[in-house]
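These are the residues of each chain, in order.
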Amino acid sequence: MATIAVPLGAQEQGQAAEAVQRPALSEYLRWSVDHKIIGVQYGVASFLFFLIGGAMAMGIRLELWTPDLDLMVSGAAYNSLFTFHGTIMIFLFIIPMWAAVGNFVVPLQLGAKDMAFPWLNAFAFWLIPPAAVVVLLGYFVSPAEAGWTSYPPLSTLFSGDGQTLWALGAHLLGISSIMGSINFIVTILNMRPPQMTLWRMPLLCWAVLATSIIAVMATPFLAGALTLLLLDRVAGTTFFDAAGGGDVLLWQNIFWFYSHPAVYIMVLPGMGVLSEVLSVHSRKPVFGYRMVGLSSMGIAFVGFTVWAHHMFTSLQPELRIPFMITTMIIAVPTGIKMFSWLGTIWGGKIHFTSAMLFGLGFMSMFVIGGITGVMLAALPFDIHVHDTYFVVSHFHFVLFGGSVFAIYAALYHWFPKVTGRMMNERLGRIHFAFTYFGFLFTFFPMHIVGMLGMPRRVAVYVPEFQPWNQLISFSAFVLGFSTFIVIYNVIKSYYHGPIAGANPWRALTLEWATTSPPPVTNFVDDPIPFEDPYGYGTEAAAAYVEAVEAAFSPGGSAARTER
Amino acid sequence: MDNSRSNIPSISPAAVVVTAVFLLVSIIGVNWFTTFVPLVLPPQASAESKSVDELFYILMIIGGVVFFLIQGMLLISVLFFRARDGDLGDGPTYHGNPLLEIVWTIIPALVIVFLAVVSYNIWTQNSEPKAAVNMIDGEETKIKVTGARYAWTHTYETNRLDADGDPIVINSGDKLHTYIGQNVDLELRTQDVIHSYWVPAMRVKQDLLPGNPDFGGRPTDIRFTPIRVEGAAYPAEYPIVCAELCGDGHGRMRGTVVVHEDESQFLAQFFEPAIYAILNPPADPVLRGEIVIQEYICNSCHTLDSLEWSSRTGPSLNGIAERAGERVAGQSAEEYIAISVWNAPAFVVPGYTEQMAVFGPDQTDANHMTAEELYSIVAFLCTQGEQSDCDLENLTEAIPQAIKTAFGLEVDISFGQDDAEASQPEAAADGSDESEADSESD
Chain A
1 MATIAVPLGA
11 QEQGQAAEAV
21 QRPALSEYLR
31 WSVDHKIIGV
41 QYGVASFLFF
51 LIGGAMAMGI
61 RLELWTPDLD
71 LMVSGAAYNS
81 LFTFHGTIMI
91 FLFIIPMWAA
101 VGNFVVPLQL
111 GAKDMAFPWL
121 NAFAFWLIPP
131 AAVVVLLGYF
141 VSPAEAGWTS
151 YPPLSTLFSG
161 DGQTLWALGA
171 HLLGISSIMG
181 SINFIVTILN
191 MRPPQMTLWR
201 MPLLCWAVLA
211 TSIIAVMATP
221 FLAGALTLLL
231 LDRVAGTTFF
241 DAAGGGDVLL
251 WQNIFWFYSH
261 PAVYIMVLPG
271 MGVLSEVLSV
281 HSRKPVFGYR
291 MVGLSSMGIA
301 FVGFTVWAHH
311 MFTSLQPELR
321 IPFMITTMII
331 AVPTGIKMFS
341 WLGTIWGGKI
351 HFTSAMLFGL
361 GFMSMFVIGG
371 ITGVMLAALP
381 FDIHVHDTYF
391 VVSHFHFVLF
401 GGSVFAIYAA
411 LYHWFPKVTG
421 RMMNERLGRI
431 HFAFTYFGFL
441 FTFFPMHIVG
451 MLGMPRRVAV
461 YVPEFQPWNQ
471 LISFSAFVLG
481 FSTFIVIYNV
491 IKSYYHGPIA
501 GANPWRALTL
511 EWATTSPPPV
521 TNFVDDPIPF
531 EDPYGYGTEA
541 AAAYVEAVEA
551 AFSPGGSAAR
561 TER
Chain B
1 MDNSRSNIPS
11 ISPAAVVVTA
21 VFLLVSIIGV
31 NWFTTFVPLV
41 LPPQASAESK
51 SVDELFYILM
61 IIGGVVFFLI
71 QGMLLISVLF
81 FRARDGDLGD
91 GPTYHGNPLL
101 EIVWTIIPAL
111 VIVFLAVVSY
121 NIWTQNSEPK
131 AAVNMIDGEE
141 TKIKVTGARY
151 AWTHTYETNR
161 LDADGDPIVI
171 NSGDKLHTYI
181 GQNVDLELRT
191 QDVIHSYWVP
201 AMRVKQDLLP
211 GNPDFGGRPT
221 DIRFTPIRVE
231 GAAYPAEYPI
241 VCAELCGDGH
251 GRMRGTVVVH
261 EDESQFLAQF
271 FEPAIYAILN
281 PPADPVLRGE
291 IVIQEYICNS
301 CHTLDSLEWS
311 SRTGPSLNGI
321 AERAGERVAG
331 QSAEEYIAIS
341 VWNAPAFVVP
351 GYTEQMAVFG
361 PDQTDANHMT
371 AEELYSIVAF
381 LCTQGEQSDC
391 DLENLTEAIP
401 QAIKTAFGLE
411 VDISFGQDDA
421 EASQPEAAAD
431 GSDESEADSE
441 SD
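If you read the sequences in order, they're chains A and B.
Mapping to the numbering used here: the first sequence position 529 is 529, numbers consecutive.
Mapping to the numbering used here: the second sequence position 335 is 335, numbers consecutive.
What the hints contain is simulated information worked out from the structure, not anything from laboratory work.
Here the structure is a predicted model, which means the values were calculated and not measured.
For each residue, glycine too, the CB sits at the ideal point set by N, CA and C.
Possibly wrong hints are sitting among the right ones.
Stated by the list, open to error - Just the calculated beta-carbon pair ranges, DEER-fashion: (1) V25(B) x F140(A): 53 to 59 angstroms; (2) S142(A) x G181(B): 48 to 54 angstroms; (3) D412(B) x E318(A): 47 to 53 angstroms; (4) V16(B) x A24(A): 53 to 59 angstroms; (5) V358(B) x S142(A): 18 to 24 angstroms; (6) Y352(B) x L51(A): 31 to 37 angstroms; (7) F80(B) x Y494(A): 33 to 39 angstroms.
If we strip away everything but chain A, and leave its shape as in the complex, we get (with noise of 0.2 angstroms):
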């Protein structure tokens, strides 16, 4: 087997894998520069920013089940919910996540001992806490109640300071955002090993490359609009007052020219962890590599292009048609997507692990996603459903049926090389089960009450649609109860889920060639790449599965090597 190589110094790491301990928890606490701390710090974070907008979307499904105000004191209070709840969700949770994992996994994949800026990276992650009390403390303060796309005039001229503070939060963590794609992107161009080409690099990678290039040309956009609305706000600028010669709609272009391409920031990562997770647990080759790979590029060149397709009842009309254009094109990339993994997944081995069922599920929520942003294109047909509660199913169906499935994928995908234990299958396979059911029933309803002519943002509506908004509430619970199962898992896992070893998926990519956790420095010595990260099936790879099994075995290798 000449063309297996496995990493060099794999004759001491039999000892070198018990002797790798899991970093102290104290570690988390404070500031590191290892890539793999850094990974861990962003996805407790997030998750915990996760559980905050996941309690207030309870409380708006609370004061959603009446059709009358009970919950809150007021609208402007409900407002203030489900604007944080939106803020918190993009700016806290999904985008901060998949750097977490993006953080932890991708150098790993690339073979590298750490990011190319580990101490920009450290920086990046350490600015998300002030930023989020930041965020945060608006609440108390006179709160941000126009929505997290806090449309001008409303947002300048009848909010209070509670806005000045979201939109300096909002700063900070676009900064954060920056500066971890600037990483990315140089830590996947420049620090594979030799053997690695662009197009041998795993579809996460791919994924994580696309999408940190969105963020770093798209986020200026957001800080350029956000501080065109604090001059508003507190300078005395008028970009936004019509009265002082500003244009309401020069907010929504510059905002939704960063805030389309940032849908594609939170879901294409997801994409990327998918092309992994089912090849894997599939035992197959993803389906036409190439194309999953460069669908990622032509997704976010495409997403460009878009951004109008929110203002389809403010534009002027003869504006509209070309958006609607451009946005029905995102469809035919996003495809070669789905079939690609159907591809992917027909005629394997699926083994049926919680990762695999949340990628299963992802697919099975995101094509609904797909199909009604499609609908939402079609322009005559947005004109009807545009900013009621059919957008928020569409959206919630890419965001939390793609972005959140892909989330957990990873998380019991990766918890093993984490952490060096397993996660409880079982437990995993009841999440799941929620979660599905939970999320399916809680916005499926929401397309027809949005049809019949429920706007979204209301904090009132009318007696007619209580049924349908009790059946939302009531799924929307159990799957906010799911949440726990999950937290439980970990913790339980952490502490005693069963030892995983090196390679528990007998997976193909470099992070697998290494001990879980992996050393400091991530590999003993410069690891060699597999010639093919999905080539499953032939005798090269079982072999190479079958070498790394006997390296980071405890107790020596000669008996399986012999095999």
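Since chain A is already given, all that's left is putting chain B on it; use the hints.
What follows is chain B alone, placed relative to chain A:
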């Protein structure tokens, strides 16, 4: 990676058969499914709604096929391609199939082109300006909609003239009256933030954008033509909804489209009575006040049972006449109410914040309200309560006296015709159409 392909045939016949069967089943399934479509959409009350719903059918069929295809293939994979217990082997090394990849790139692209063409055609057809719009009694009129937090106001600039020769303007509050077959073309303006005028039954929606009042604001248009709905009783009512977050009362910001059966019904039930009421204002200030107060957006924040207002942003007006005299020492009830209307920030009721706009006699102000209107509104509010603090026997003298004390203005209580229609809150936002607006609000 050099895509070393295995010797598996390019597309297996089994996969083709399975796909074909699924397409067939899903087409049948979707056709059956679309019979439920009317249950998830509001009534089709406009010509536009027909074509929009046709597009929705097309989208449902295509989306349904994609849905069943992908979920079906997922289901087959889950059922048939499980690894058996203890099977640690790998699946076939199958890296892809260029032909298949081309197919599933080209077909969605073609579907997209088809959808784009269909949508484009429907869009141009629906958004095209129509020839004869807002026809009332054989003539085109202008119907304006004003959005203000949190109420809609509809005004009709008619071709009828009042005694002074000025065109009569009808204010129908949150109700839009129209009739089957009328090409409705509304001019939308906002007084404050962005709102969005949505009539679900008509499938139309358009944002109201703040513009520079010096340049006539930033009017936007919304167009639809009501059609007959089978089984509906006429006049039929359909909700108007605000679809763009506008603040505290966003969810309450609703109105009603009243569709009359035909133009003669529209004239008889709405138009002519409204014109008559304007030409013959009641001499009694209380009755006048009851009409005038409903032309402003007081109902967006206040509760008043006698007019079925139920908003809770501002203090309740129920029984205001019982309390008005005790609020400020040395101030009469009439004075207190008059100041509260014209200069609301002067008194903020405990437990509420200063939110109410200043109304007043300044014609350039968006909330222009003449002294005569104030007089009648105060008269009406003086009757709201069991034991009024106002001098009910002598309102015609007490109120003008109060206005004079508070604001130093003389009130002409002779009810000249010209003040009857000077009640458009959006007067200042009109700009380019000032020629008409000016003449009516002098």
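Against the structure, the hints:
For the pair V25(B) and F140(A), the supplied restraint of 53 to 59 angstroms holds, since their beta-carbon distance comes to about 56 angstroms. A hinted range of 48 to 54 angstroms for the beta carbons of S142(A) and G181(B) is consistent with their spacing of about 50 angstroms. Take D412(B) and E318(A): their Cβ atoms lie about 49 angstroms apart, and the range 47 to 53 angstroms holds. Restraint check, V16(B) to A24(A): a C-beta distance of roughly 58 angstroms satisfies the suggested window 53 to 59 angstroms.
Here the CB-CB span from V358(B) to S142(A) is close to 22 angstroms, well matched to the stated 18 to 24 angstroms. For the hinted restraint 31 to 37 angstroms between Y352(B) and L51(A), the CB-CB distance of approximately 35 angstroms keeps it satisfied. The supplied range of 33 to 39 angstroms is met by F80(B) and Y494(A), whose beta-carbon atoms lie about 36 angstroms from each other.
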